[in-house]
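Engineer: Produce the entire structure from the sequences given, and follow the hints as far as they go.
Here the protein sequences line up with chains D and A, keeping their order. For the first sequence, the tail end lands on 61 under our numbering, and the numbers increase by one without skipping. For the second sequence, the tail end lands on 1357 under our numbering, and the numbers increase by one without skipping.
Since the hints were made in silico from the structure, they are not lab data. Careful: at least some of the hints might be erroneous.
Stated by the list, open to error - If you want the ones that stay clear, here's a sample from chain D, every Cβ over 12 Å from chain A, calculated:
| no. | residue |
| --- | --- |
| 1 | L11 |
| 2 | L19 |
| 3 | T37 |
| 4 | A45 |
As the list claims (entries may be wrong) - Pair by pair, the computed Cβ-Cβ distance ranges are:
| no. | chain 1 | residue 1 | chain 2 | residue 2 | range |
| --- | --- | --- | --- | --- | --- |
| 5 | A | D1297 | D | T2 | 15 to 25 Å |
| 6 | D | V3 | A | N1217 | 40 to 50 Å |
| 7 | A | E1166 | D | P30 | 11 to 21 Å |
| 8 | A | R1061 | D | V3 | 22 to 32 Å |
| 9 | A | D1297 | D | A39 | 18 to 28 Å |
| 10 | A | H1332 | D | P30 | 38 to 48 Å |
| 11 | D | T9 | A | R1294 | 19 to 29 Å |
| 12 | D | T10 | A | E1203 | 41 to 51 Å |
| 13 | A | E1013 | D | T2 | 38 to 48 Å |
| 14 | D | F33 | A | P1329 | 46 to 56 Å |
Since we're looking at a predicted model, the values are computed, not measured. Virtual Cβ for every residue (Gly too), placed ideally from N, Cα, C.
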Amino acid sequence: MTVCSTAFTTLGQAQARALGKPDLPIAVIPHPFGLRTRAEVRRIAEQCVEDIARLVSRGAE
Amino acid sequence: MSDAAREQAATFEAPEDLDAINRLYRERRWSDGLPIVPPTAERVERMLRHARCARHDVVARVAPGYGVATAERIAVNAVMAGCEPEYLPVLIAATQAVADPKFNLQGIQATTNPVAVWVIINGPVEKRLAVNASFNCIGQGVWANATIGRAMRLILQNIGGALPGEMDRATHGQPGKYSFCCAENEEASPWEPLHVERGFAAEESTVTVVGAEGTMNMNTHTKDAPELVRVIAETMIHPPSNEYVHGGEPWLLLGPEHAEVLKRGGYSKTQLKRALWERSRMPAGSFSTLELQRARDSRTRELGELGAETLIPISPRPEDIQIVVAGGPGTHSVYVPCFGNTRAVTRRVEEPVNGKR
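Structural biologist: Below, the structure is given as structure tokens:
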């Protein structure tokens, strides 16, 4: 699985298809990242962890 | 399905009207935004007569989509770009070159950076195909330069899959992404040509691909060689640069008049590279704070601990600076910063001998 920001999700999906992994789970975080406060980054990270857990467990089913 | 059949370029019935064909290419995003020459079976066949390899031979896989570049698919894109059939061997060599891992095509195609692929042609093929190495050599006006550079872009887009906004993530791009091709002006150069420096014989023909971030003109009337070195080196210094962050491979497209000034000043190519490398070192404190951190991440192993006073070289070694002589009369040269994480690749152009493969 991989993590992409919104601006790079299209690239991530296309790259996954090109490399023969069209179902690669991708957790998406908002873009851009650099101007956010530490607290905002933490909130995004916590949400992302939940998304990753959900995507990984879906893959394991 | 046989391997050959799998790699065969798709064919389809197209309308006879050129406007309708171009509408179709526009809708399917098969063009670079300009009208194309329809790649009919006859035109592709005519072009393939100039390939040393067979129609379905795999020349390379082209990142980031890893599409299979066969001679036939390269020929299709060359026809679309308006190439003469004789240009095909140059494009086959260029496609091999961009796929070399050293070139980092994956990074070049998918980055937000404006990087374009600059195609430089050396050796006898340069005259045979009438590739411009003189006046306006990276500008408009000469068929070979315009269409070879354009075909390279179509190969990268249509076979490599780097469509703007999809896998090509360039923030702005640059005009060189339409076409960026010239030959070296070997006769006007006081030094050995680029391909000879890179290990080929003078009578061999080669294509060199460069991950070029843009062009910065340098107009100076000085006839003093050390002063010319100084102003070129000071032009190379710019803090928001991938080259200083990663340790790059900067290119100089020297006009023949500047090359002559440097030669008369006693500079060999090696000495010139050393002098430019030393004069273009930049204090790490010139970076923004985040770029300084990126440079630390990228170059601490090479340079040791980076403090604000540390002088950062533009490239790991003086010989990483690349010099090519081209252009017409005039007191101009061009600095071509590179993408940073890339190295130029040179390949021999394999032409059919007496029309035979």
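Engineer: All hints, please: hold or fail.
Structural biologist: Structure-based check of all given hints:
no.: 1; hint: L11; in the structure: 5 Å, violated
no.: 2; hint: L19; in the structure: 7 Å, violated
no.: 3; hint: T37; in the structure: 16 Å, holds
no.: 4; hint: A45; in the structure: 19 Å, holds
no.: 5; hint: D1297/A / T2/D: 15 to 25 Å; in the structure: 20 Å, holds
no.: 6; hint: V3/D / N1217/A: 40 to 50 Å; in the structure: 41 Å, holds
no.: 7; hint: E1166/A / P30/D: 11 to 21 Å; in the structure: 20 Å, holds
no.: 8; hint: R1061/A / V3/D: 22 to 32 Å; in the structure: 26 Å, holds
no.: 9; hint: D1297/A / A39/D: 18 to 28 Å; in the structure: 25 Å, holds
no.: 10; hint: H1332/A / P30/D: 38 to 48 Å; in the structure: 45 Å, holds
no.: 11; hint: T9/D / R1294/A: 19 to 29 Å; in the structure: 24 Å, holds
no.: 12; hint: T10/D / E1203/A: 41 to 51 Å; in the structure: 47 Å, holds
no.: 13; hint: E1013/A / T2/D: 38 to 48 Å; in the structure: 41 Å, holds
no.: 14; hint: F33/D / P1329/A: 46 to 56 Å; in the structure: 50 Å, holds
Of the numbered hints listed earlier, those contradicted by the structure are 1, 2.
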